[in-house]
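Trainee: Residue strings, one per chain:
Number of protein chains: 2
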Amino acid sequence: MAAPRSVAAALRRTRLSSRCRCTHTIFTPTVVQTPRHFSITTSNRADPYKKIQLTAAAYPQIKRDPRFAEVTKEHVQYFKQLLGTDSALIDGVNADATDDLAPFNSDWMRKYGGQTRLVLRPQTAEEVSKILKYCNENKLAVVPQGGNTGLVGGSVPVFDEIVINTARMNKIRSFDQESGVLVADAGVILEVADAHVGEHGYLFPLDLGAKGSCHIGGNVATNAGGLRLLRYGSLHGNVLGLEAVLPDGTIIDSLSTLRKNNTGYDFKQLFIGAEGTIGIVTGVSILCPPRAKAVNVAYFGLESYEQVRKAFREAKGQLSEILSAFELMDGRSQGIVRESTGNKPPLEGEYPFYCLIETSGSNTEHDLAKLESFLEHVLGEGIVADGVLAQDETQIQSLWRWREGITESLSHLGGTYKYDVSIPLPELYQLVEDCKNRLTEKGLVGDDDSFPVRAVVGYGHMGDSNLHLNVSVRQYTKEVEKAIEPWVYEWIAKRNGSISAEHGLGIAKKEFIGYSQNDTNIKLMKQLKNLYDPNGIMNPYKYI
Amino acid sequence: MAAPRSVAAALRRTRLSSRCRCTHTIFTPTVVQTPRHFSITTSNRADPYKKIQLTAAAYPQIKRDPRFAEVTKEHVQYFKQLLGTDSALIDGVNADATDDLAPFNSDWMRKYGGQTRLVLRPQTAEEVSKILKYCNENKLAVVPQGGNTGLVGGSVPVFDEIVINTARMNKIRSFDQESGVLVADAGVILEVADAHVGEHGYLFPLDLGAKGSCHIGGNVATNAGGLRLLRYGSLHGNVLGLEAVLPDGTIIDSLSTLRKNNTGYDFKQLFIGAEGTIGIVTGVSILCPPRAKAVNVAYFGLESYEQVRKAFREAKGQLSEILSAFELMDGRSQGIVRESTGNKPPLEGEYPFYCLIETSGSNTEHDLAKLESFLEHVLGEGIVADGVLAQDETQIQSLWRWREGITESLSHLGGTYKYDVSIPLPELYQLVEDCKNRLTEKGLVGDDDSFPVRAVVGYGHMGDSNLHLNVSVRQYTKEVEKAIEPWVYEWIAKRNGSISAEHGLGIAKKEFIGYSQNDTNIKLMKQLKNLYDPNGIMNPYKYI
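Listed in order, the protein sequences are those of chains A and B. Here numbering that gives the first Met the number 0 is used: the first residue of the first sequence is 0, the next is one more, and so on. Here numbering that gives the first Met the number 0 is used: the first residue of the second sequence is 0, the next is one more, and so on.
It is worth saying that the hints were derived from the structure and are not from the lab. None of these values were measured; they are calculated from a predicted model. There's no promise every hint is true.
Since copy identity is lost for identical chains, a pair holds within one copy or between any two.
[Said to hold, decoys possible] Below 16 Å or equal to it, Euclidean Cα-Cα: the simulated EDC-like pairs (lysine to aspartate or glutamate) are:
hint, residue 1, residue 2
1, Lys522, Asp247
2, Lys522, Asp252
3, Lys62, Glu510
4, Lys309, Glu426
My request is simple: use the sequences and hints to build the entire structure.
Mentor: Spelled out as structure tokens, the structure:
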């Protein structure tokens, strides 16, 4: 449907005629299992049809570093004594433990395959300290691992690195109801942390699809961005303090709970986004904002990317302090969700672009008034072609699933080449168009099974200039990969974008860092790596 | 006046009866010259009655480092050729230039006195690079200096360090109206930067009293906090990129304009708050939020600090996303402003505590409704004893001056021992009480001139747990100083507070860092200092 001529009528229609046709029954857990709720199973055999390729085979240019020792029975004996209980380690050295080790040797996408034979699960910073000191002295390489929900293979071993998993460091240490400051172990699950502060009217200032599994320590180590960075800002601003352990066993106790503390270099910032390459985060102190009493979600169809940009400008101006998310989904991404789930879309017509807007504020009436005024404006001006406004929490969840369900729906189609990038807004979506054209010109895209590429889709966090470019393929082929890479990185570098907006480098993007960082910066990063981890035992083969 | 019995009447009275008796004429620039508008004069002779003590004399334990060379005529010749114009340097080596050098050799409080004989004023990062490379090779110590508005002597030389002033690096490089990202030279004055983005409906996410003089590069280098950190967060979250020069001349070009960029260690964070000890910030990329269309300010009197805490909790809960400042002033601080200015106070009665609340939002009507509901609640519950709400911009400015004018009013009384500290909220104000009791017990406080201490006052950014403890003295004496220090730092350390919330370390707090940082952290800081500045030429004798 085109932009209604009558703004008032359009608005009335939007609000009053139960336009939101997403009902609770449309999305049942059995139909759409969004990443928000996935969890690590104890065995990968649950999905036997999808064989995991060893990362070492997928990246034959990476060789095991001969400086590193192999784990021996004596090493295992030391760790058993140190940790005191059998449940604190999974020992594949003294016996076959392939199945038990499997979930630690791969990721939830089953894309990366490691070969660890030992998983350690310490409970305290002191235990982590003793582990790292021993590993450092004995040249044993390690991989820190939280909820293992990353997308770039950062938390999965490549060879036989020891996995140090934070799952047993899962205590909430304190929460101050007056200041909103939470102090917790690194292994606390994000959803648990959020629920804890939620009981006191606060919100964990980070939300992402994997919240049911990911650890807050991992969030910090990867500088996770997520759905509401637009509103609550980055972890560099919200993390007030950290406890971390350096490779030599030094415990950094910098767990300040103060908003302001200008007494020296803020070196804890280096751990935010270091992906476990200079130390292991064991505790986090974070500032939580008051939880919004009123949350509203609207979903729009738009005729062009230019209209999306206009809508975003209007939303920033008119919704301002209550805007908590502005998400972009292209038409193809929503078609794939529809096909995958069989659900009826929120809007009757089809549009080349869709947006999801969320507001979070302290007063329902005020927020609705602002949102309605915004709707009236963007509908009246023809910026937005059609839209619906969720009427209750169920509809809010349903609308969100049209955004959050994209990853899951794509995964049902086969493989996906995923690119998580930052691009200045004017050209943000152009990357999807250019990529689609390029692959089409090369004869790689088509509807029948003879073409490797099924679809090129784009979606992401418009409010953060963060695009997720996804190339859905029937099978992974070198031909497609070569057509995309390094072309995609060159395209981004020309626009001064980032080849990794929020997913990090891990192993997937390690070799492409030069597209987003100049030689000086890379040299300085290597200098820091050498300063803190001269033996290179921390998460080797990755990052820089 | 006690808490009104009738909430409705109180509210009506607050809003409708022109209760705000601060009018424009009360505060004229000739009566109160707040720090907001102070500027660096070209000569200190403007204030001849106040002789500046040399820092080297005030801190006799600090000796000039013999590793550093003295500036020679040959050095000056090199810099003249490099910078190309005479106006780019002030040369006290070839001729007497005491008067011209004076403003660079002291601070606006006239508390610190340096002995530089050479001021360099480069215009580009390339010039800064060549200067630093030359200084590093020739062992010439330097002091980076922005607007020189600091409070801890960080930007004033101690001996004959060369001053590298950023005033001529004053170009706005770009502003993106869509993303709100400003890129500007380090020497742009904060107020100029704010005005520039203000033309496009945005706000610089930092505001402080010295905005008319301070440079944004200096703000970043000192991790300035200011009045609205509560709302817009710290520079660690808002600074997206930096351009900086290391002592060896390396130019770090990390001027990203992206909100998200997870491609390596975020080492630019180290420069935020490093006070010019590892390099010089030459360019800043910063994210600006939309400028609030509606700003409201209320001023309250309260009967106890417990009531202040309650009011803050209520404000956080009820004003939530529109709360942009919650400032605390004790009764004595307001009395001093009244005596200094002769102005009529906003409230009729006198109270032991006062608060200033500011809201910033996008809808005047909504914000007023929230504020009125809040007022009704806190008046009705007896949390707040009396209050006024500014009716227009002039009244807003007038009310703010009761907070911002404290520093200026104190300075008219004589000397002030200033402590800028973070303390968990429950005990925030207890420090003022304890300090007052301590000095009183020692017989140091009194109304007549025989007592060295005139008053102990407390005020600050309640929303950030940031207290400014000020001890107003008739004269600086060792007796008073010894009574306060290190007792005050011990008091703070016991409560896990910070001895410097936002002012930094400079020279004033260098020796006390151990009260807020443990040995491990200090060791790690020294390691970073040595990594980037092995010759120690950057801002020596300060920080760590």
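Trainee: Hint by hint, say whether it matches the structure.
Mentor: How the hints compare with the structure:
1. Lys522 to Asp247: between (23 Å within a copy, 14 Å between copies)
2. Lys522 to Asp252: between (28 Å within a copy, 12 Å between copies)
3. Lys62 to Glu510: within (14 Å within a copy, 49 Å between copies)
4. Lys309 to Glu426: within (14 Å within a copy, 49 Å between copies)
Of the numbered hints listed earlier, not one is contradicted by the structure.
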